[in-house]
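Novice: Sequence:
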Amino acid sequence: MDETIYKEARDFLDPIYSNVPLLDDRPFITLTFAQSLDGKIAKQGQQILISGRESMAMTHRLRTLHDGILVGIGTALVDNPQLNARYVLAASTAIKQPQPIVLDPFMKLPSNCKLIDNYQNDKGKQPWLVVSEKALVEQTDKKAVLDKAGVKFIPVKALENGQLPLKEVFKALKANNIHTLMIEGGSRIIQSCLKDEWDQLIITTAPMFIGSEGVPAIKDNDAMPTLNNVQYQIMGRDNVLAATK
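Residue numbers for the sequence shown follow this note's numbering, so the first one is 1 and each next one is one higher.
What the hints contain is simulated information worked out from the structure, not anything from laboratory work.
Any given hint could turn out to be false.
With a cut-off of at most 27 angstroms between alpha-carbon atoms, the simulated DSSO-like pairs for lysine-lysine come out as follows [as the list claims (entries may be wrong)]:
1. Lys134 <-> Lys96
2. Lys134 <-> Lys123
3. Lys174 <-> Lys195
4. Lys123 <-> Lys152
5. Lys108 <-> Lys123
6. Lys123 <-> Lys167
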């Protein structure tokens with residue numbers, strides 16, 4: 001990683017996170033995503049690179065400032081992410097790596113994903129799976145496979161539709177010593193969190209269009225928050241916004 005690029009990311013983010021409050025019932029939540037000019041964060045069922053290298057460095061610096069990083073199972077299946085900080089200075093030997101967490105109510109995470117492979121090869125932390133209590137009881141074969149692979153399960157009682165209530169998810173993560181949480185998507189989690197469950201917002205906008213095949217970051221404009229303490233930073237070709245509620 002180029003030192004100038006890393007310094008730019010550090011100088012932008014570190015003042016924002018210099019005095020993060022410790023909340024009682026949930027982690028301090030950073031909601032972050034990269035979008036195109038037409039407000040799309042991905043293509044349907046297809047991985048796409050939106051961020052340039054400068055804003056990518058910023059995202060990886062941001063990961064080091066959090067205890068955990070969470071994505072939904074849809075993002076995990078499409079992107080097969082590693083959820084760690086890789087784009088850092090070569091001399092940085094004491095980088096704090098976030099806890100990788102997948103919101104996976106029906107236990108769909110494959111045992112050959114990068115998260116598990118990294119853990120088994122001492123290249124990453126143990127992956128956590130937030131699952132429904134019902135899935136843990138009913139899907140004994142899949143649980144055994146993931147257990148053997150080294151996954152830690154965080155059980156949460158599901159709603160009637162099978163989805164996990166985010167308030168309970170965050171409460172469970174807080175109980176497992178996740179005091180600061182970075183959420184990177186996908187679109188359903190972004191939409192749900194934007195209405196209430198977030199403290200810091202970091203949005204990268206890239207100079208590109210994805211078009212009608214794209215997945216919008218926001219599908220429902222009802223009850224969207226007013227932003228405060230808004231900052232902008234140009235990073236390479238991208239425009240990065242930081243804001244609070």
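Novice: All hints are to be evaluated individually against the structure, with a verdict given for each.
Specialist: Now for the hints, and whether the structure bears them out:
no. : hint              : verdict
1   : Lys134 <-> Lys96  : 34 angstroms, violated
2   : Lys134 <-> Lys123 : 31 angstroms, violated
3   : Lys174 <-> Lys195 : 20 angstroms, holds
4   : Lys123 <-> Lys152 : 17 angstroms, holds
5   : Lys108 <-> Lys123 : 23 angstroms, holds
6   : Lys123 <-> Lys167 : 31 angstroms, violated
Comparing the model with each numbered hint stated earlier shows that hints 1, 2 and 6 do not hold.
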